[in-house]
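Residue numbers (this note's numbering), protein chains in the order written: chain A, 1 to 448; chain B, 1 to 355.
Hints were generated in silico from the structure; no laboratory data involved. Since this is a predicted model, take the numbers as computed values, not measurements. Hints are not guaranteed to be accurate.
Claimed, not checked - List of simulated lysine-lysine pairs, DSS-like, C-alpha gap at most 27 Å:
1. A/345 with A/45
2. A/207 with A/344
3. B/49 with A/433
4. A/45 with A/207
5. A/345 with A/207
6. A/433 with B/41
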Amino acid sequence: MPDLLAARAQMGTSLAFHIIFSALGVGLPLLLCIAEGLALFRNDKTWMMLARRWARAAAILFAIGAVSGTILSFELGLLWPTYIKFAGAVVGLPFALEGFAFFLEAIFLGLYLYGWDRLSPRAHWLCSFPIWISGLASAWFIVSANSWMNTPAGFVIKNGKVVDINPIQAMLNPSTPYETIHMILACYVATGFGVAAVYAFGMLRGKRDDYYRKGLMLAMAMGVIAIPLQIISGDANARFLVDAQPAKLAAMEGVFKTEQGAPLEIGGLADPSTGKVIYALEIPRGLSILATFNPNSTIKGLDAFAPADRPNPLPVHTSFDGMVVSGFFALFIALLFWFLYFLKKRTVPTNRLLLLGIVLSGPLSFLAIELGWMVTEFGRQPWVIYGYLRTKDAVTTAPWLNISFLIFTLIYVLLAVALTRLLLGVARSPLPKVEMPGTSQQPEKAGV
Amino acid sequence: MSVALIALSILWFGLIAYAVLGGADFGAGIWNLFAVGPQAKRQTQLINKALGPVWEANHVWLIFLIVGLFSVFPSAFAILSIALFIPLTIALIGIVMRGSAFIFRTYAIDTTAPTTTWWSRVFSTASLATPFFLGAAAAAVASGKIDITNGNVQADPGTAWTTPFALTIGAMAISLCASLAAVYLSVEAHNDHDETLAEMYRLRALIAGAITAVLGALGLLLSQSEAPILWQGLLTRALPVVIATMLIGLATAAALFYRRYSLARILIILETAFLLGSWGLSQYPYIIPPHVTIENAANDPNVIVILLISIGIGMVLILPALYYLFSVFKLPTPAPGVEKKEEHTASEVSQEKSS
Ligand code: HDD
Ligand code: HEM
Ligand code: HEM
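Using the sequences and the hints given, assemble the complete structure.
Dropping the structure here:
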């Protein structure tokens with residue numbers, strides 16, 4: 001494998017791995033905080049059991065999130081030294097602030113996960129607030145750094161040198177509001193549907209007690225609040241791209257030729273060799289309407305860019321459609337769930353098909369995150385810093401990149417297998433006995 | 001003092017924090033290797049208890065260092081990433097395997113399963129390898145052997161980080177981590193009233209400390225020919241710090257000898273701080289001798305000022321929180337929100353409170 005390809009593959013694999021834990025790292029602490037709060041204020045054992053169980057899973061997931069995030073911090077330098085020399089100078093600030101958010105998160109996580117027996121119930125519950133707040137902040141900071149790669153700002157190039165750096169302006173670049181909001185919502189969507197899927201699966205296997213119902217309800221509540229906002233914000237993202245990154249939009253929508261009154265291509269394969277989207281459902285003028293509210297507006301196609309500046313539309317278009325489909329599926333499931341819930345006078349619906357739909361919506365929401373990132377990252381190619389630094393010029397000169405890619409891939413496979421086994425073990429282990437309000441002893445045998 | 005120098009001093013403080021906190025966590029992993037025989041289970045439990053609540057927070061110092069380095073000295077970070085690609089990649093693998101193996105073995109449902117034993121070994125091996133490669137990489141920087149002729153860097157296949165000097169410093173990093181951990185573990189065992197373990201770690205701390213001292217002396221001797229800039233600095237500007245390091249090392253040994261565990265813990269932290277301080281001071285004003293200096297690698301001063309301000313704000317939030325974390329789990333001082341009572345009465349007491 002050529003070095004550039006190996007580096008891109010390693011970076012992409014590492015990010016795709018990390019994002020799963022990041023999303024949970026942002027979403028789960030909020031669920032924990034709500035569940036423990038409900039347990040304390042309603043003096044309710046079931047909520048406390050849920051909080052306990054989620055905390056145990058969170059301890060494992062967060063550790064893997066931390067190590068996989070560390071890989072990324074090193075890789076920014078090890079694989080892309082030229083990139084980090086540029087980005088570090090201009091947009092180091094959000095990375096540094098993210099570091100502080102991690103600090104707070106890790107400190108209170110230690111207190112929260114290991115403090116059940118040491119802290120008073122109220123102090124323990126209070127420790128969950130800094131966790132979810134700093135999780136949210138860290139997501140905002142890191143995504144603002146990524147936004148900067150898409151719409152670089154806050155510096156001037158003079159005689160080949162980066163000058164007049166304004167880190168605040170770089171952090172608040174034009175993409176930041178769109179990308180950060182969309183990503184933070186995505187964390188709640190994925191955590192909500194992901195956790196709901198676990199309980200829906202349990203209910204499909206005949207478990208119908210209060211524990212499962214409450215777990216499912218809280219997770220679906222998070223899902224139903226986040227998913228409509230997610231779709232609205234995604235729509236705003238796409239419209240923003242019309243001017244900010246027209247090449248990405250063209251790749252996303254499979255627009256090969258600049259056209260007035262461009263049609264919307266739904267599904268299909270955007271084949272760059274023929275310049276056609278095959279097997280797609282075509283809605284005449286659809287794209288012009290969606291993107292600008294004007295059926296006759298002109299949408300730039302890939303042909304408006306030099307061949308060397310075009311992203312490959314095939315993965316971008318397909319990923320985009322996958323994300324949108326997953327989003328609408330999750331919306332449909334969430335609305336159906338709550339509709340049936342209120343229809344049946346506030347009882348959790350146990351319709352098998354609906355439960356099956358929920359089980360499906362969990363993985364699909366995570367898939368939507370992965371696909372959304374493929375849109376962003378593949379759609380930015382061939383640039384790593386849009387308009388300023390090409391990916392091929394950013395890669396390291398160090399040798400053996402494909403060996404490094406191979407080793408890290410093996411590590412990810414190993415971690416994924418071990419993690420899955422461990423989480424299944426946690427799920428199968430008997431529920432902790434909880435004495436309200438939740439200061440009973442941890443099961444000793446696990447050595448916590 | 002230039003802003004870049006202030007920023008570098010803060011980064012050096014971060015390095016010291018990572019060494020005394022994160023380094024000790026690696027050290028605990030190394031001692032896990034020796035947790036065999038009749039005491040094995042208690043040792044493992046002690047190590048798990050010591051690491052559990054704090055290792056993730058300790059680890060973030062490394063992230064702080066990386067991010068700080070590439071924000072303040074972007075070009076130096078790029079050069080180091082290329083030149084030290086191999087040792088840093090190996091250290092990274094070690095860091096990853098240490099963290100995940102610790103979790104996999106601590107949270108295993110069946111603590112006697114073969115996979116759990118296997119993860120426990122991975123935990124130890126990774127804890128041993130990581131400080132070695134980080135130490136060797138640091139020595140490669142200090143030796144001035146990183147080749148930057150006319151701004152062109154190559155990945156170093158081993159000429160800089162496998163010299164006798166680098167290998168010695170790598171080994172010394174291992175023994176330093178091990179002595180830090182042994183001292184902390186003896187304090188924890190002593191606080192748990194487990195005097196057998198406290199004695200065991202006291203002895204190990206003394207041995208590891210002696211090894212560190214020997215390797216340190218060897219490193220110093222080797223630096224004369226292999227790291228001339230460092231040697232020069234050590235004998236001139238940094239000489240008082242070097243002497244202080246040695247004296248504090250002796251004092252640590254004495255404190256351990258007389259079983260003053262808590263005092264030994266403070267002293268070994270000081271010793272590590274002075275040791276790293278003497279390195280920094282002696283290679284001033286270079287970041288990567290003999291070409292990259294603080295001045296020519298520093299980012300735009302305005303950017304550094306903004307970074308310094310945000311670091312200041314961040315520290316105001318972090319340091320009290322860190323203190324709280326350690327006071328809940330590590331220090332005898334009573335912290336607010338902590339319930340001081342027997343495990344069994346826990347629920348009763350809190351029931352009263354909430355009703
Ligand atoms: C739960 C996950 C999820 C769901 C349901 C959606 N998205 Fe999304 N999308 C993401 C998760 C995501 C993401 C992974 O979080 C991305 C990657 C980068 C980013 O900021 O968010 C993203 C990126 C992203 C981008 C590229 C932004 C850029 O590169 O600047 C666009 C245009 C959209 N999305 C549009 C949509 C639309 C129109 C949706 C309607 C259904 C939608 N997304 C649902
Ligand atoms: C966590 C979610 C993310 C995922 C799944 C993701 C995915 C990917 C993928 C697939 C690539 C390879 C693209 C290619 O070369 O064709 C890539 C490259 C890259 N990403 Fe991301 N990305 C994510 C977030 C980020 C963030 C937040 C940053 C920076 C702050 C970032 C920085 C980079 C860099 C520097 C590269 C390498 C250069 C390039 O290929 O353009 N990524 N990412
Ligand atoms: C959209 C993309 C990303 C999001 C939302 C995100 C979010 C998070 C969160 C919430 C954590 C806390 C640990 C956990 O809860 O699992 C975390 C860990 C981490 N992330 Fe990411 N991250 C993203 C991408 C990146 C990238 C590109 C980098 C590399 C620069 C990175 C570096 C780290 C590091 C170093 C940690 C470990 C912190 C620790 O030691 O506790 N992340 N990330």
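List of violated hint numbers, smallest to largest
Result: no hint breaks.
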